[in-house]
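Quick mapping for you: the protein sequence lines, in order, are chains D and U. Okay, so the first sequence: first residue is 422 according to my numbering, each after it adds one. Okay, so the second sequence: first residue is 422 according to my numbering, each after it adds one.
No lab work stands behind these hints, which were simulated from the structure alone. Predicted, not measured: the structure shown is a model, and the values here were computed from it. Watch out, some of these pointers could steer you wrong.
[What the hints assert, rightly or not] In silico lysine-lysine, BS3-like type, Cα no more than 30 Å apart, as pairs:
1. U:Lys424 <-> D:Lys559
2. U:Lys553 <-> D:Lys424
3. D:Lys510 <-> U:Lys433
4. D:Lys433 <-> U:Lys534
5. D:Lys459 <-> U:Lys424
6. D:Lys553 <-> U:Lys424
7. U:Lys501 <-> D:Lys433
8. D:Lys510 <-> D:Lys459
9. D:Lys459 <-> D:Lys424
10. D:Lys459 <-> U:Lys433
11. U:Lys553 <-> D:Lys433
12. D:Lys534 <-> D:Lys559
13. U:Lys541 <-> U:Lys424
14. U:Lys459 <-> D:Lys424
2 protein chains.
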Amino acid sequence: MPKPVAIDDLPKSVEEFICFNIYSAGHAFNRAYSPMLKELNLTYPQYIALTILWEEDGLNIGELCDRLRLESNTVTPLLKRLESLGHIKRKRGEIDERQVFVSLTPSGRALQKHAANITKCIIETTGYDLEKLEALVKNISNLRDNVMRATAVP
Amino acid sequence: MPKPVAIDDLPKSVEEFICFNIYSAGHAFNRAYSPMLKELNLTYPQYIALTILWEEDGLNIGELCDRLRLESNTVTPLLKRLESLGHIKRKRGEIDERQVFVSLTPSGRALQKHAANITKCIIETTGYDLEKLEALVKNISNLRDNVMRATAVP
DNA sequence: TTTAATTATACCGTACACGAATTAATCGTG
DNA sequence: CACGATTAATTCGTGTACGGTATAATTAAA
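Put together the whole structure using the sequences plus the hints.
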């Protein structure tokens, strides 16, 4: 159990807000990825979606949404753009026709060869070593899960 | 100096990516703020801009961009919306007419009375105490600054 | 077993976020 | 002083994000 929050100790500057630091760090990473992803003609969310598919192809949209922590009304148009770029295919489920399954094309799979180098470059921009990053990832993912759980509708 | 990055140890799942965890945590915070900000008819970026002005009124747009870590082409329309909501005023600089200075209206200043409660609610959703949050903020802001410095054009 | 509720995805409108280009004002150097 | 370079802010186009709503398919219930 965390200590109760003391009103007088609340951060007042955005520089001390956890949410603002995460918000601005997100933009910073986006800008760091941009020049590399531009060469692949991809956006950051598109790249993340592909990364998920490289690990597990053939997910349906709902599963992809869960992994991306995004709503389907965000993911649907993103996938349509990836499809029009020729990197994925979308196919209605046969058992349940409400579902749409997403699979990589050869073009989408081929992009994976750039992944390790991109990851390496990004990690180097952080100035952190893998050990420190891993600890930070655990901390932030735990924080995110707490916020999502507290925010979720029952 | 961080340890050199070993290619074989690179994270391969997005769940291990520092950028993805920050990206998804950002959305989680946005969703946590939403219901509270909706009552004030504000978005999260608008709320952050106001928070900066509550601390230091009368900044020009460039200074606001620096503090927000955003480009002026994002901030300009955001401020126009805050102006049309009646929370701020915009005035051309007299010495340098290229600059535009932003100041709070009584309406914009009045919103500040909700701030402490909102901050408290958000902190409680994290399940972290202030001490742990402060350490995490230092870690993430340092990371962000590293990424921004590494990405900046000379 | 027809209807009612739920589920999976899509569509629409609003608001970021940013690259690229634009405009207007100021500065720098001859 | 002049005029090209720089700077501050804006405009525009594309792509997220999400609330709200719609649609069609599946499931549950009366």
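Hint check results:
1. U:Lys424 <-> D:Lys559: holds (19 Å)
2. U:Lys553 <-> D:Lys424: holds (10 Å)
3. D:Lys510 <-> U:Lys433: Holds, at about 23 Å.
4. D:Lys433 <-> U:Lys534: holds (12 Å)
5. D:Lys459 <-> U:Lys424: holds (29 Å)
6. D:Lys553 <-> U:Lys424: holds (10 Å)
7. U:Lys501 <-> D:Lys433: holds (25 Å)
8. D:Lys510 <-> D:Lys459: holds (22 Å)
9. D:Lys459 <-> D:Lys424: violated (45 Å)
10. D:Lys459 <-> U:Lys433: holds (21 Å)
11. U:Lys553 <-> D:Lys433: holds (17 Å)
12. D:Lys534 <-> D:Lys559: This hinted pair holds, its Cα atoms lying about 27 Å apart.
13. U:Lys541 <-> U:Lys424: violated (38 Å)
14. U:Lys459 <-> D:Lys424: holds (29 Å)
Of the numbered hints given earlier, the model fails hints 9 and 13; all others are met.
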